[in-house]
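Construct the complete structure from the given sequences, taking the supplied hints into account.
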Amino acid sequence: MSGADVEARLREPWSDLETDDATAFARQRDGATFGIWVFLASEVLFFGALFLTYTAARLANQEAFAAAGRETNIIYGTLNTAILLTSSLTMAVASQAAEKGLFRRLTLGCLAATAALGLAFLVVKGFEYREDIEKHLVPGAHFALSQAPAQIFFGFYWLVTVVHAIHLSIGIALVTRLTIKGWRDADFLKENPQVEVTALYWHLVDVVWIFLYPMLYLPGRSG
Amino acid sequence: MSAETESSSTETPGTLWLRNLWVWTALMALLAFSAWAAYWPYGRIDTAVGFGIAGAKTALVALVFMRLKHASGLVRVVAACGLFWAAILFTLTLADVLSRMVNR
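These protein sequence lines map, in sequence, to chains V and U.
Take the first sequence: its position 184, counted from the start at 1, is 184 in the numbering used here, and no numbers get skipped.
Take any residue in the second sequence, count from 1 to its spot, add 1000: that is its number in the numbering used here.
Hints in this document: simulated from the structure, not taken from any laboratory.
Please note that the accuracy of each hint is not assured.
Stated by the list, open to error - Beta-carbon label-pair distances, calculated as ranges:
id : chain 1 : residue 1 : chain 2 : residue 2 : range
1  : V       : Ala186    : U       : Trp1022   : 27 to 33 Å
2  : V       : Ala186    : U       : Trp1085   : 38 to 44 Å
3  : V       : Ala141    : U       : Leu1098   : 30 to 36 Å
4  : V       : Ala49     : U       : Met1101   : 19 to 25 Å
5  : U       : Phe1090   : V       : Thr19     : 39 to 45 Å
Unchecked claim - Okay, derived cross-link-like pairs now, DSS-like style, lysine-lysine, Cα gap no bigger than 30 Å in a straight line:
id : chain 1 : residue 1 : chain 2 : residue 2
6  : V       : Lys181    : V       : Lys125
7  : V       : Lys100    : V       : Lys181
8  : V       : Lys135    : V       : Lys125
9  : V       : Lys190    : U       : Lys1069
10 : U       : Lys1069   : V       : Lys100
11 : V       : Lys190    : V       : Lys100
Every value quoted in this text rests on a predicted model; they were computed, and no experiment measured them.
Just so it is clear, CB atoms sit at the ideal spot from N, CA and C, and this is done for glycine as well.
As structure tokens, this is what we get:
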């Protein structure tokens, strides 16, 4: 590996450390992984607080939450869960392929597939939002259900799905950025910790949805 | 670590996919199972199964896709911290909410 090549692939401040290349790369990767995990832990608390609000409201209004849960579209919800879980597979393969620096085409293909699956999720969610609005499931004067606490459920539904969609949109932008930069520059993705950092963020957004699925789509189905 | 270095020399796109595809298959099976279990006529058990499966799916994603299984101790501590503080948040709040429900 030539000196200029190492300089280009070791981002600041790691190139100034007086160590051998392997140690510098390992430290760069460890620092990036550690940093994103600290952010993800704070995201766990952010969504944890929202989930706790839901839990307390559901415990106090169990029948209304079951009636409200029956109104969400389980087909769209299950389809979107499958789409996000599949996007996590392509993201994991992209990250592992980039880390070894072996398969550039596989990495690029998987990154593009991940962004496309993220967009597919948003499209399905858009159709679902349209149906929800047509069914008067927006809390307010013309709300469809008679039980008042069902509005708490849908207040939570709109808040948390929009917050999740914003997170996913940021993820799509980050993955698209990696795809474009990796496509233009053949060496960009190879051993680049940015791929791992983006992947970890993407997986967290998936995990948030994994918990939203039983919260929003599964209550009240048997009754 | 040395085993991983050795395996990377013989790695093909096929082995890379195979290593991750079983997790995806398990995730899809769990998703189908939780959608089916929601229609069981058992009330609270359905809810417990739904959230139990969400926990199992999260464990698969975190350990394999997010590679906590092979992560350094420091990274594992950070990940555990998120869960630990969330657990405090849930425990203290639900102790209040549930005790009020029981004594109502």
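Hint by hint, which ones does the structure fall short of?
-> none
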